[in-house]
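**Q** Work out the full structure: start from the sequences and follow the hints.
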Amino acid sequence: MRKFDRDFSLIRTDRRVEPSGRLWNPAADVYRSSEGWIVKVDLAGVCMEELEIEIRNSNLNIRGCRKDTHIREGFTYHQMEITYSRFEKAIQFPAPIEGASIRQDYSDGFLIIDVRREQD
Amino acid sequence: MPESVENTTPTTESLPTGSEIPATEGLRFSSQAAGEPFEVAVLALQNLTIFPETVVPLGIGRPRSIAAVEAALSTQEKLLGCITVRPDRSDDTDAKQTDLYEVGTLVMIKRMERIDQGMRIIAQGTERIRVVEWKQEDPLLRAVVEILPEPRTVDADQVEAAKRNLQQMITEALALLPNVPPEVRLAVLGQVDATRLSYFLASILNLGVEEEQKMLEANTVDDLVRLAHTSLAREVEILQLRSKIASEAQTEMDKAQRDYVLRQQMRAIQKELGEDESGEAAEAEQLRERLEKAELPEEVRTEAERELKRMERLPPAAPDYHVIRTYLDFILELPWLKSSEDKLDLAEARRILDEDHYGLEDVKERILEFLAVIKLRPDTKSPILLFVGPPGVGKTSLGRSIARALGRQFERMSLGGVRDEAELRGHRRTYIGAMPGRIIQSIRRAAVNNPVLMLDEIDKLGNDYRGDPAAALLEILDPQQNNSFRDHYLDLPFDLSRIFFIATANQLGPIPAPLRDRMEIIRLAGYSDREKLEIAKRYLIPRQTTENGLNNAQLKIADDAIELIAARYTREAGVRQMERNIGSIARKVALKVAQGQAESVTVTAKEVREYLGAPQFYPEQARKELPAGVATGMAWTEMGGEVLFIEATLLPGGRGLTITGQLGEVMQESARAAQSYLWSHAAEFGIDPNIFKEFGVHLHVPAGAIPKDGPSAGVTITSALASLYTGRRVRPDTSMTGEITLSGLVFPIGGVKEKVLAAHRAGIRRIILPSRNEADVDDIPEDVKSELQLIFVSGIAEVLDAALEVLVANPPPSPSMLDAGRGRQPEPEPLTVKG
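Residue numbers (our numbering), protein chains in the order written: chain A, -7 to 112; chain B, 26 to 860.
Accuracy of the hints is not assured; some may be wrong.
[Unchecked claim] Which chain B residues face chain A? A few, computed with CB under 8 Å, are given here:
| hint | residue |
| --- | --- |
| 1 | E95 |
| 2 | L98 |
| 3 | S99 |
| 4 | K103 |
| 5 | K135 |
| 6 | R136 |
| 7 | R139 |
Keep in mind that the hints were calculated from the coordinates and are not lab data. The structure presented is a predicted model; accordingly, all values stated were derived computationally and were not measured. Just so it is clear, CB atoms sit at the ideal spot from N, CA and C, and this is done for glycine as well.
**A** Here it is in C-alpha cells:
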C-alpha cells in the first residue's frame, strides 16, 4: 500500500531538484572597440596558467578550472559559497574572428581578452 | 552581478541554450581524465538518486555523511561520490559497502552551510561513476571510482522521436498539475538534450530507487529515454485517472479504479520485463507457434491457418477477432489425433469389473467379449451400448468401471431435458456466443479421441421446434457416419468412431426406434434381496463407514438388519435408497462414537427401528387365505416388481363389468376379454351361464390410488373371475402373470425377473408363467429359483387348473335362487349359501 500511495504523487515535494547548466558558467562582458573586441570574464581565483583559450570560426572558447587553493590540512569549512569547478565559457561573435590576435590579461579578478582583428 | 546568477535558483538565463554552449560537445569536467580511476569520499544516499547535470540540495545529518562531505570540501575540486543504498534495507544503521549500488554520480559541492548539528549542501551532479574498489568504511566511506562514459546514442531518429513523445506527455502532465513551480515547467519544456531531459525527469518524478537506479545505469540514450518514457507514461496515466476521480468528487477510490491503476502498472512492468504478451501481434504469433506444434489432420491445419491469417488482418477491436481467436483456441485444444492406449489385459479387466460391481454377469461378459475383439483387431469400431434399467442399479457407475477396465478416459453427459439439437451439435460461428456442442466439448475435456462417453438418460431427451436432438444422435451413434462428425461450430469433420459410447435409460419406450436400433441393448434388472445383501456388505457399508469417519470395527451391520432395510425401508430395484439408509445409520453411529457413548456399534434388525424410525413400506404379502374371486398377480414397475391382488365380486341384479382401481385402457380390455372368454366357455369350466346375465361383476385392483396398465394381468383377472363364478378359491401361495387372448391362449410378458423376485419377496412359492417366458427364467438368481415352483402354461385352461383349488369352497349364488329371492321381497335373504 505504501508503494501504491507513493505512486500518487507525480512530483516529489521532498526534493527541490533543479536542472543545472554545465556546471559553473562564469559571467562575461563583451565590449566592441574600434580594433575589435574586448572580453571581460568574471574569473576570480582561477589559475591563469591552466586556462585554455581557443578560437574557432566566430567562437571564443575559454576553458579552465577554479580550485580551492586555500584549503590546508586542519582547515574545515564553516560555510562555502564559492563554486570551485571546471568551467567552459563560449562566446559567440557576430563575425568570424579566426586569425585575430589575442592578448590576455588578468586584473582585479577579471580575465581580459583583447581580440584584435588582423588588419588586411 | 553575474556571480549571483549561479547561486540563486536558476532562471532561464542559467539554462543552457543552444547558442551559449555547443550542446553536443561532450566536455569532461571532472578533474580526472575519463577512464582513469581515482579515489573519492562517498556519500551513501538513502532513498534518493542523484543524476548528472542536476542540482540537488541535501541535508546532511549522520556523522559519517558529514565526515564524507568534510573530506570532499577539503580537496581543491570539492568532488564527492554519491551512491544510493539498495532499497531492501530495513534498519537505520549506516549502510555497508555491500548495501550500496555500484554505480553512482560524482557531484561537485557548490555550497555548504552549517545548521545545528548537521549541514546543508547544494550538490551538482557531474558524471556517472562506478566503484572500482572500496577503500574504507569508517569514519567515512572512500572508494576508488572510474568515470563512466555518457550514454551514447544508438538510433538517433528513435531517440528524437521518443524525446518528442516525452515532451508531448510532459505538456499533458503539466496541464493536469496546477502547482508546478514555473522553473520546473520551463526547465522541462526547454530541455533539448534527451539525456538531460531524461535525467531531470528521473530526479523529479517519483519512481522509487530501483527504477531510478536503472535509469542511472543505462548506457545508451535509447534505453534511458525508453525508461523515462515508460515511467512518465505510467505517471501521466495515473495522473489522468486521479484528476478524473477528483473531478467526480470521489474521496475514496473504489475497487475497480484501484484495480485499473494497478493493472496499468502491471502492464508497464510486464513491458519492462519483456513479458508483454497482450499485444495482438504476439497473440497471433503465439497461436501460430501452437499451431505449428499441434498434431492436426491436414484439413484442420489448412482451415486453422486460413482463419489465423484472417485474424491477423483484423484489428483486435473487431468482434470477429475474438470469435476467431476462441475458435482457434478450441481447435488447438481438441485431441484430433491423440488417443489413449487401451489396456488389453482381460484378467485385469475382469478383476476391475468384479471389484466395482456385484453380479451383472452378462454385462461383464459383453464387455470382456468386446475387449477380446479389440485385442485381436485393434481397428474395430467401438460398440454402442445401451443400459436399460431402473434407477440405482449402477448403470452410470458401470460405465465408469468399463472406462477403468479399458484404461480409457471417462466422460459423462446427461441428455435429460436436452431438447435443442444445437446443444449436441453446437451453434454456427455466425451466432454471437456460439459454442461447440456437448459432444465435442466432452471430447475436449477428455483430451483424447477415444474416451468412454456416457450419454446418460437418453430416454429423457426432449424435443421441440428447435429440432430433435434424437435425430442428431442418429448421426453421432452411427458407426458408418460418425467418423466424420461435423459440429456446427467447428465446421470440420471430427472422428467419433473411436469413442466407446454408452447410453443409459430407465425405459426403452421413449427412445425412438431408429435410435434404439443403433445400440446394443443390455438390460439391468433390479437386484434380488440376496444380491442387495451382498452389495450392501461388499460396497455400501464399507463406503458409508469410511465416508462418515468410522472404521470397520466401529460399525457392524448384521445381515438381518440389511434385509430389513431392503424390505421395509426402501422400495426400489437398485440400492440407492438402501445406501442412504445405511448412511444415516452410519452418521448416527458416528455421533455416538464421537460423543464417547460407544466404542463400537453392531446394528441388528432389532435396532434398525431405533436408527431409522418406523418402517416406511408395507409390501403386499401373500395372504394366508383368499376368498373366492381374489387372485394374486404381479406387476412390473420402475422400482422393480410388486405383488398385487385382483378382487372381483358379483353384483346381484347388476349389469356388465364395473372396473375400478385406476386401470388403463389395455388392462380394462383384458378384463373384458377374460370375462368374455369365461362366458363363452362357461360349460367347460362348470359355470352356470345364467350367472353372466343376472349378476354384474365389479373388478377392483388395489391400491386404488396407483394407476396400472398393461396386458400382463390378463391371466390373473381370468383366474379371479373364474374363481368368482365357480366358487373355487385361488390358491393363496400362487401368483401368476401373462397376457390372454380371446381364444384362450397365454402370451408372454416382460419383466419376468422383477416380477418373480417380487413374488418371492412377498412369500409366494408357486408362480404361473407363460411358457414362452421360460427362457427369461435363466435371469433369476439360482437361490431364488430353487425355492420356487414355476408352472409354465400356454392356455387359460392350464392356468385355471394350476391356480384354482379343486374344492368348491363357497359356491356362487345360483341365479334361480336369486329369482326366488326377488319374489319374496322385501325380505332379505343371504346371498351365500353354506357349502
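**Q** Check the structure against each numbered hint from earlier and tell me which ones fail, lowest number first.
**A** No hint contradicted; all consistent.
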